[in-house]
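First to last, the sequence lines map onto chains Y and E. Under the working numbering, the first residue of the first sequence carries the number 47, and numbering increases by one thereafter. Under the working numbering, the first residue of the second sequence carries the number 648, and numbering increases by one thereafter.
Possibly wrong hints are sitting among the right ones.
[Claimed, not checked] Derived DSS-like pairs: lysine-lysine, alpha-carbon spacing no greater than 27 angstroms straight-line: (1) 117(Y) with 689(E); (2) 692(E) with 726(E); (3) 649(E) with 689(E); (4) 692(E) with 117(Y); (5) 753(E) with 55(Y).
[What the hints assert, rightly or not] If you want a taste of the chain Y side facing chain E, the calculated C-beta under 8 angstroms gives, among others: (6) 88; (7) 89; (8) 109; (9) 129; (10) 136; (11) 150; (12) 151.
In short, the hints are calculated from the structure, not lab data. Beta carbons are placed, not taken as given, at the ideal position from N, Cα and C, and that holds for glycine.
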Amino acid sequence: NAGVTQTPKFQVLKTGQSMTLQCAQDMNHNSMYWYRQDPGMGLRLIYYSASEGTTDKGEVPNGYNVSRLNKREFSLRLESAAPSQTSVYFCASSSSGSYNEQFFGPGTRLTVL
Amino acid sequence: RKEVEQDPGPFNVPEGATVAFNCTYSNSASQSFFWYRQDCRKEPKLLMSVYSSGNEDGRFTAQLNRASQYISLLIRDSKLSDSATYLCVGSGSGGYQKVTFGIGTKLQVIP
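Extracted from the complex, chain Y is given alone in its bound form (with noise of 0.2 angstroms):
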């Protein structure tokens, strides 16, 4: 049981290039959450799942994109990545909405530069 897995760990950028950080899960959760992480500013919620084939944006959704691709999987894609999306990226799953635990994976720390 992996749990959260998170690929790449770390990535580093140039202004205008895009990337997707994938996630996948092996826990059958139903719900999927992708959060940045900013000194001071705390955990952050971009995107989240609430189900296989629903998205819906969180807090801070701008310049962001997500997929749910199935069940097991949700992927982040910056699409042309600016220094102010310089951050640590965690993507999480619960088994079904708010009331339940949040499991996170590893994290992928990103700079662009």
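Assemble the complex: chain Y is given as a structure, and chain E must be docked to it using the hints.
Same frame as chain Y, but now just chain E:
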């Protein structure tokens, strides 16, 4: 105003001390509350859920005060291994799927 507010600390306490953190929330309709622990450069992990009746797990006690809209975490007999950042989490507004994380309170237990 942030939906969930915490004192970022740091709280520096000696080994064996008792330390308490409070966290206030602004959404009176919030239903679920949690405390997560996050070690440096690691992912958050659930420490405990917070129930209306309170919740105790070994040296850790969590309380919910709905009248004053805050939750608390009490750590007794602090260990060096308790050094971490403690995140307060509440279910947010705008849909039951969303949760709001506080910025975290940093605890440093010193020998």
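Hint check: residue 649(E) vs residue 689(E), CA-CA at most 27 angstroms. Holds or violated?
holds, 24 angstroms
Residue 692(E) and residue 117(Y): Cα distance at most 27 angstroms?
holds, 22 angstroms
Close enough to count: is the Cβ of residue 136(Y) nearer than 8 angstroms to one in chain E?
With Cβ-Cβ at 6 angstroms, under 8 angstroms, it holds.
With a cut-off of 27 angstroms on the C-alpha distance, tell me whether residue 117(Y) and residue 689(E) pass.
holds, 25 angstroms
Would the hint linking residue 753(E) and residue 55(Y) be met if the CA-CA limit is 27 angstroms?
holds, 24 angstroms
Hint validation: residue 150(Y) versus chain E, beta carbon distance must be below 8 angstroms. Holds or violated?
holds, 4 angstroms
Chain E contact restraint for residue 89(Y) - C-beta distance below 8 angstroms
This interface hint holds because 4 angstroms falls under the 8 angstroms limit.
Hinted pair residue 692(E) and residue 726(E), Cα distance within 27 angstroms:
holds, 18 angstroms
Chain E contact restraint on residue 88(Y) - CB to CB distance below 8 angstroms
Status holds, d = 4 angstroms.
Status of the hint placing residue 151(Y) at chain E (closest C-beta pair under 8 angstroms):
holds, 6 angstroms
Answer holds if the nearest beta-carbon of chain E is closer than 8 angstroms to that of residue 109(Y); otherwise answer violated.
At 19 angstroms from the nearest chain E Cβ, residue 109(Y) fails the 8 angstroms test, so the hint is violated.
Hey, does the residue 129(Y) contact hint survive, CB to chain E under 8 angstroms?
Nearest chain E Cβ about 21 angstroms off; hint violated.
Hint compliance for this structure: hints 8, 9 are broken, all remaining hints hold.
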